[in-house]
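Protein sequences, first through last, are from chains G and H. Position 219 of the first sequence, counted from 1, bears residue number 219 in our numbering, the numbering being contiguous throughout. Count along the second sequence from 1, then add 244; that gives the number in our numbering.
It cannot be assumed that every hint is accurate.
Said to hold, decoys possible - 20 Å max Cα-Cα, derived SDA-like pairs, lysine to any residue:
#1 H/Lys364 - G/Gln129
#2 H/Lys317 - H/Asp249
#3 H/Lys324 - G/Arg130
#4 H/Lys324 - G/Gln129
#5 H/Lys296 - H/Leu362
#6 H/Lys314 - H/Lys324
#7 H/Lys296 - G/Val11
No lab work stands behind these hints, which were simulated from the structure alone.
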Amino acid sequence: MSDNLSRIVPVLLQGLPPTVIATVGGIVLTILLSVPAGLLLLSSRRWVRVLVRIYVEGFRGTSEVVQLFWIYFVLPVLIGFQLVPLWAGVLVLGLNHGAYGAEIVRGAVQSVPRAQYEGAIALSLSPAQRMRRVIFPQALVEMLPPMNNLFIQLLKSTAILALITVPEVTRQARDVLIPNYGDDTILIFGLVFLVYLVLAAILTALMRLAERIASRRVGRRPSRAARVAARAAGPGVSDRMAGI
Amino acid sequence: MITFDAVEKRFGDNVVLRELSFDVAPGEHVTLIGPSGSGKTTILRLLMTLEKVNSGTISVAGRYLSHMVKGDKLVPSDEKYCREVRMRIGMVFQQFNLFPNMTVRGNLIEAPTRVLGLSKDEANARAQDLLDLVGLGEKIDAHPTQLSGGQQQRVAIARALAMRPDVLLLDEVTSALDPELVAGVLKLLRDIGESTDITILCVTHEMGFARDFSDRVMMFDGGRVIEDAPPEKIFSDPDHRRTQDFLQAVLNH
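The following block holds chain G by itself, in its conformation from the complex (with noise of 0.2 Å):
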């Protein structure tokens, strides 16, 4: 172990407030996109589908470090203004994301079985109502373990902003560290894996969270309460409730 390592880690943490504002800030941007993105991708206008799908797969089919150089080198080119280069990579992880969210998004809102619409429109709710009132909370359950891969790769996804010289975590290792300790390679870049790996594991943490609030209230689970009162109840009053 270096001695270096009280001068190295300081330094890389530095990175971390770009790195974390990068991801919460795609995050965020994936969630506004591929929401309205997904469900549009379910219009029954055709030119709507054809719109969505054209953002989906050219965001999806193109390199995300071009998108990245477009946006921060060419941009200015055309429309003589620059952004900052954290915004500029907050944006393209968001449209990035955001276009493989919004197949998730669709295929979730898929997956809710027909009779619940059934069971909606015979209840008179009008398609605005069924879809926020009925289907969508619970094609929730289904999109956020995909949606938690998605924020994973988003959050790794953050080292390309190294490129737009953004100061975050794989820069400093890169651009400040390496130059003045060239002989701590293995520990420097051990460290980032380490700092990305922790980053994802509390992602990961808030994401089950998440999952078991939703999936709680469609019922997958029942909630603790329910559970410990079920216990309580012993297993025949159910069975004879039944009966009534």
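Please build the complex by placing chain H on the supplied structure of chain G, with the hints as guidance.
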């Protein structure tokens, strides 16, 4: 209350209903029987606007359901028009179709508050009354998944009644239930039939129930009504050979 006029319904090449015409009077209880695939459930689904007719018209309470009048022409009804007429109709499904993302209370007050515009208090009071009626008053804050099939179906019946429909459609409502739970649900439906003047259309394989619940039984086969008579007549002295065979098969299983 309900009028089918020369209704035809196809799924692809498969003709489910052919030139079907019949009327149901207000308050009448009509049971539809017949072999599976004979189009009984399709009739309920057409009335609930879950399916659209290929030709012919359906009216409910004097208004077109399948169509709307535009200028002086009759055009297929759009979503907005459908919703207006649909509000008079309620349906109970074989698989209950309760919303698992809401409590029992949520299931019962959702549509009355959002569609009928009832206040939360009014809707809650109505929900409590109906749950008491179906014998589940103390389950109002339970989750549908915590209830047995029979209890879920009672909640579904209460949920449909909470909209105060003029027409209630019952689609094999006991078919998914364990045998010991069937009698309770059927008794509840008999009580509702006696205590309200709702027009009820019912698809069922429970012939005992059909016999004492209905004013009229319609026997379907191959997308046509082959016999339409009071239950006493159909069950003891059916005219049609197909009806005899069907009843024999169902009653002796």
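- request: Starting from H/Lys324, check that the Cα of G/Arg130 is at most 20 Å away, please.
  value: holds, 14 Å
- prompt: Going straight from one Cα to the other, do H/Lys296 and G/Val11 come out at no more than 20 Å?
  reply: violated, 67 Å
- prompt: Is the straight-line distance between the alpha-carbon of H/Lys314 and that of H/Lys324 20 Å or less?
  reply: holds, 13 Å
Distance restraint between H/Lys364 and G/Gln129, which requires alpha-carbon spacing of 20 Å or less: Distance of about 17 Å is within 20 Å: holds.
message: For a C-alpha distance cap of 20 Å, please report whether H/Lys324 and G/Gln129 respect it.
response: holds, 13 Å
task: Sort out whether H/Leu362 lies within 20 Å of H/Lys296, counting only the CA atoms.
output: Judged against 20 Å, a Cα distance of about 30 Å means the pair is violated.
query: Between H/Lys317 and H/Asp249, does the CA-CA distance stay at or below 20 Å?
result: holds, 17 Å
The earlier numbered hints that this structure contradicts are 5, 7.
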